[in-house]
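Enquirer: Chain residues, written in single-letter form:
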Amino acid sequence: MKWLPQDVETYSAAKEYVDTAVVPLYSITIGKGVKQSAAASEFITLLTNYLERQFTGRILLFPPFTYLGNEQDEKVLTDLKKWEESILDAGFKHVFYVTSDFEWRSREGELNGTLIWLPAIPLEQMNDTQKLTMIDSQVQQLLTIFTQKWQKSD
Amino acid sequence: MSKDRVSRRQFLSYTLTGVGGFMAAGMLMPMVRFAVDPVLKAEAAGDFVATKQKVADLTNEPVRVDFSYKQKDAWYESDVTESAWVYKDDAGKIMALSPVCKHLGCTVNWNSDKEHPEQFFCPCHYGRYTKDGTNIPGTPPLAPLDVYPYKEKDGYLYLGKAKPRKEA
Ligand code: FES
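Heads up: the protein sequence lines correspond to chains V and R, in order. Numbering-wise, this note's numbering puts 97 at position 97 of the first sequence, and it's gapless, one number per residue. Numbering-wise, this note's numbering puts 1140 at position 140 of the second sequence, and it's gapless, one number per residue.
If you are wondering where the hints come from, they were derived from the structure by calculation, not from laboratory data. Among the hints, a few may not be true.
[Claimed, not checked] Restricting the straight-line Cα-Cα distance to at most 35 Å, the calculated cross-link-like pairs of lysine-lysine (DSBU-like) are:
no., chain 1, residue 1, chain 2, residue 2
1, R, LYS1072, V, LYS35
2, R, LYS1093, V, LYS93
3, R, LYS1054, V, LYS131
4, R, LYS1166, V, LYS15
5, R, LYS1093, V, LYS15
6, R, LYS1131, R, LYS1093
7, V, LYS131, R, LYS1072
8, V, LYS15, R, LYS1114
9, V, LYS131, R, LYS1052
10, V, LYS32, V, LYS93
11, R, LYS1163, V, LYS131
When you get a sec, could you build the whole thing from the sequences and use the hints?
Expert: See below:
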């Protein structure tokens, strides 16, 4: 389900089934690096939306957690931990973070949720069909990470 | 009155040329698109959308067929991609099922659960359907998978809007 009024209504009525939160993570860089920043955002947005389509009935896709590219790591981590706490308090059993920001890889241990890191693939040269094929193949690999986590807890 | 003033007749002829030109462009655009990319781009034939699937290649094993079309969403147009599970049944009739689970909307897969082969399986809460899309009692879904109406044109499969069926 997406962060839309109709969807969150369904979520509220079926909380016992929607037990997984997905949070896209990406940094915003203005000035030098603005292009890469936008490309990473496009990639993560398409990817998480496609993922949501596969798992509509079990995940709630949150709006992205964004932060400035030059912001201090500690502050960003503290903020994300606050998100995580509220998400878990709300009854979600699983939290997944999806990012192409390399920095998170060293911080995974400090989070309860699962970090999924993928290098951003630039999509601007691709047509829609190519984009879809590419995103589809990336997501197919992610699906098992989710289903395995679920199978362990169900 | 100045000579430069646009007369009523001129005004009308200007505007009509404008509208006509605009209309011509509107007619030309889909044709250009069709010529450039005849199969890849969804071409609307009524409410049916072209897929890349050749009807002759279909067997009794369900295959995933993706197709996209444009959808007006509030004020901008976006490409929507949908999928269908398509196969020929024992009588040779084409069956095109929506992959959207009738429980809470996850995408179902064909034959992906080892313990229950030859069924559609939903990974979210383990919903299951038989090959014809009928929901299996005791699993979460309460209705059979929706069915796409289809058409064959120039050997290719065209799909319409998926329709719900009666509860099993
Ligand atoms: S969404 Fe398919 S079983 Fe729940």
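Enquirer: Are the hints correct? Go through all of them and say.
Expert: Here is how each hint holds up against the structure:
1. R:LYS1072 / V:LYS35: Holds. LYS1072 of chain R to LYS35 of chain V sits at ~28 Å (cutoff 35 Å).
2. R:LYS1093 / V:LYS93: Distance of about 44 Å is beyond 35 Å: violated.
3. R:LYS1054 / V:LYS131: holds (22 Å)
4. R:LYS1166 / V:LYS15: holds (27 Å)
5. R:LYS1093 / V:LYS15: It is violated: about 40 Å lies between the C-alpha atoms, which goes past 35 Å.
6. R:LYS1131 / R:LYS1093: Given that 35 Å is the threshold and the Cα spacing comes to 13 Å, the pair holds.
7. V:LYS131 / R:LYS1072: holds (21 Å)
8. V:LYS15 / R:LYS1114: Since the Cα atoms of LYS15 of chain V and LYS1114 of chain R sit roughly 28 Å apart, the hinted pair holds (cutoff 35 Å).
9. V:LYS131 / R:LYS1052: With Cα atoms ~16 Å apart, LYS131 of chain V and LYS1052 of chain R stay inside 35 Å; holds.
10. V:LYS32 / V:LYS93: Status violated; Cα separation ~39 Å.
11. R:LYS1163 / V:LYS131: It holds: about 28 Å lies between the C-alpha atoms, which stays within 35 Å.
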